[in-house]
Amino acid sequence: MSTMRLIIAKVDEIYFDGEANSLTVRGADGEITVLPEHMPLITTLKPCTAIVRIGEETKEFPIDGGILEVRRDGATIIL
Amino acid sequence: MAGIKRIKNKIKSVEKTRTVTKAMEAVSAAKMRKAQLRALAGRAYARAAAAILSRVSGSYVSSQYPLLAKREVKKALYIVITSDRGLAGALNSAVLKATLADINAGGLPPQKSVSIIAVGRKANDFFSARGFSVDAFHPNTDEISSALIQKIVAEAIFRFESGAADEVKIAYQNFRSTFEQRPILRTIFPLALKELEKVVADIIPARGAFSTTAEEMRPQVYTIEPSEEEVLGAALERLAGIFVYHALLESQASEHSARMVAMKSASDKAEEMEHDLTLNFNKARQAAITREVSEITGGMEAMTA
Numbered sequence: 001m002s003t004m005r006l007i008i009a010k011v012d013e014i015y016f017d018g019e020a021n022s023l024t025v026r027g028a029d030g031e032i033t034v035l036p037e038h039m040p041l042i043t044t045l046k047p048c049t050a051i052v053r054i055g056e057e058t059k060e061f062p063i064d065g066g067i068l069e070v071r072r073d074g075a076t077i078i079l
Numbered sequence: 001m002a003g004i005k006r007i008k009n010k011i012k013s014v015e016k017t018r019t020v021t022k023a024m025e026a027v028s029a030a031k032m033r034k035a036q037l038r039a040l041a042g043r044a045y046a047r048a049a050a051a052i053l054s055r056v057s058g059s060y061v062s063s064q065y066p067l068l069a070k071r072e073v074k075k076a077l078y079i080v081i082t083s084d085r086g087l088a089g090a091l092n093s094a095v096l097k098a099t100l101a102d103i104n105a106g107g108l109p110p111q112k113s114v115s116i117i118a119v120g121r122k123a124n125d126f127f128s129a130r131g132f133s134v135d136a137f138h139p140n141t142d143e144i145s146s147a148l149i150q151k152i153v154a155e156a157i158f159r160f161e162s163g164a165a166d167e168v169k170i171a172y173q174n175f176r177s178t179f180e181q182r183p184i185l186r187t188i189f190p191l192a193l194k195e196l197e198k199v200v201a202d203i204i205p206a207r208g209a210f211s212t213t214a215e216e217m218r219p220q221v222y223t224i225e226p227s228e229e230e231v232l233g234a235a236l237e238r239l240a241g242i243f244v245y246h247a248l249l250e251s252q253a254s255e256h257s258a259r260m261v262a263m264k265s266a267s268d269k270a271e272e273m274e275h276d277l278t279l280n281f282n283k284a285r286q287a288a289i290t291r292e293v294s295e296i297t298g299g300m301e302a303m304t305a
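Protein chains in written order, with my numbering: chain A, 1 to 79; chain B, 1 to 305.
In isolation and in its complexed conformation, chain B is listed as follows:
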């Protein structure tokens, strides 16, 4: 009898797990959609900013601008974006691994000349444990505030301009479709138009409901007021903000879709287990009944004999 009771308890607990994973799956699906919609809403802004930069970046002024100037990389700053919470498959480890690989490829002594701005608890834990200097840590919450974006941009600009970093890169999980996310590293400073154009292009996912859009026409020649220098100065901070904002969005869309897929397979597995356990339960119950019946018939026979 103990066997049957044990199986019954197990079925119950698997059922409970399945309810939880199913709920998490649904929540992640909704959150993923929201992140995708927000990414699309930001496209007009990114396009306009890219047009402004492409108009002014070719000129003489831009080569003089410190935020655009390339210099020898002796110190690097990495902005690493992961999630706060786990249960999202290989999402975080992929980003962290890619960042480590990039740091090693750069050939700088990591603990001395590489600093980290961590967004998300996982990145903070990972780099703190490995002895990197984590300059700043921001939690990665569902609501991306412009205050957070500005803070990260200001930190990055400050370090780049003061010489604490000769290069600022941002690492995050790029959302390509619900089933495909890849870690990606982009250079924010020195800011390059090509990188920005890639960010704008990436806002449209490779496949899925949001993958088609119409292009606007951009004129070749603009009048610039008051001067290219001032426009460029005003634009740069905003452009860096676009990098950070979209990195945060992409990473959230990736987090939610990775968690959705992970939870889906967990739910499926739980269902399978429930089925097997129910089968076992029925077998055990049938065996117990058969045994009881044979005991009774055996007893009766003994009495009539």
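Looking at chain A on its own, in the form it has when it is part of the complex:
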């Protein structure tokens, strides 16, 4: 399974930085799941729990808003 570089960070703290298979968040227009090779996208985020899947493992990050930037090779959430 292909992966993408995912970073979830606050200005002074990194919550997650590594390879992930997918990311699910609540964007401005509803829930979205970002997979590797997703088209470039910038969206605001609504308060939600970000779900990160790495292989069999699932990680959850509660977030209260932020901005998601998606590139072909990765994604960055700034909180």
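There's no promise every hint is true.
Straight-line Cα separation of at most 20 Å, SDA-like style, residue types lysine to any residue; simulated pairs [claimed, not checked]: (1) Lys10(B) x Gln286(B); (2) Lys31(B) x Asp12(A); (3) Lys46(A) x Arg121(B); (4) Lys10(A) x Gln150(B); (5) Lys10(A) x Lys264(B); (6) Lys10(A) x Leu37(B); (7) Lys10(A) x Ala154(B); (8) Lys198(B) x Asp12(A); (9) Lys46(A) x Glu229(B); (10) Lys264(B) x Ala30(B); (11) Lys34(B) x Glu13(A); (12) Lys46(A) x Ala26(B); (13) Lys10(A) x Gln286(B); (14) Lys10(A) x Leu40(B); (15) Lys10(A) x Arg38(B).
If you are wondering where the hints come from, they were derived from the structure by calculation, not from laboratory data.
Since the structure of chain A is provided, determine the placement of chain B on it from the hints.
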């Protein structure tokens, strides 16, 4: 005999000073490294934010946005970052001087139309003593909290939007390498992409262990959801936060490296003094011994004669 005792006491006190300065040097070195690492950790965030801004800042919406709009400067707000403590060489005076020079260059009557947000005790003391209105004062502690960043950003945005300031600048000591730090002034509001790009570029020091990094590729075209306006609104506060956060980090890295260098030269000087004093001490002791011996031989000769 009194001379010898005095020299001995002096050697002891110099030794004590050297122990203290050596310890301070080591502490500063460790703290400097920590600040540098934190600055690097913040780069991903700054890059993403810069990409978002560069995507939306060229559009029509952005020119309408108050935080991006330039206007005639009648009142200015300076956020000045210094350290709380001294013993760091010319660090603080360099920042304060540069800020004063910039205020004077602006041509505004300083005491009336310039206000200050002071971070660090030295900035507060300096501007209070010169009759500036210091609107807010925050201590510059080792732990930079996001609460402090948000507070400073909120203060700056409030003043800019309410018209209490037409321009918000931030002044701090920029860390270039362990031996080179320069005072720098940046305009936060009206926010400009160019300034932000400079901040991102500055996060990498000019020389040293952290000076090389790999670049990521950024696409040219993004889909924006829900609208450019909303993304921009959400991004601006965060972008201003990046300015403040990195200014704080740079200033801390500078403070610690300046103190480290200052303490190193103090330790070296103490060592030199100790060496000289030891030499003097030995000379004085030798002189005393010689005198005693000659007294004894003189006495003996007088007895045998």
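Going through the hints against the structure:
| no. | hint | result |
| --- | --- | --- |
| 1 | Lys10(B) x Gln286(B) | holds (18 Å) |
| 2 | Lys31(B) x Asp12(A) | holds (16 Å) |
| 3 | Lys46(A) x Arg121(B) | violated (39 Å) |
| 4 | Lys10(A) x Gln150(B) | holds (12 Å) |
| 5 | Lys10(A) x Lys264(B) | violated (36 Å) |
| 6 | Lys10(A) x Leu37(B) | holds (15 Å) |
| 7 | Lys10(A) x Ala154(B) | holds (17 Å) |
| 8 | Lys198(B) x Asp12(A) | holds (19 Å) |
| 9 | Lys46(A) x Glu229(B) | holds (16 Å) |
| 10 | Lys264(B) x Ala30(B) | holds (14 Å) |
| 11 | Lys34(B) x Glu13(A) | holds (13 Å) |
| 12 | Lys46(A) x Ala26(B) | violated (46 Å) |
| 13 | Lys10(A) x Gln286(B) | violated (68 Å) |
| 14 | Lys10(A) x Leu40(B) | holds (13 Å) |
| 15 | Lys10(A) x Arg38(B) | holds (12 Å) |
Of the numbered hints given earlier, the model fails hints 3, 5, 12, 13; all others are met.
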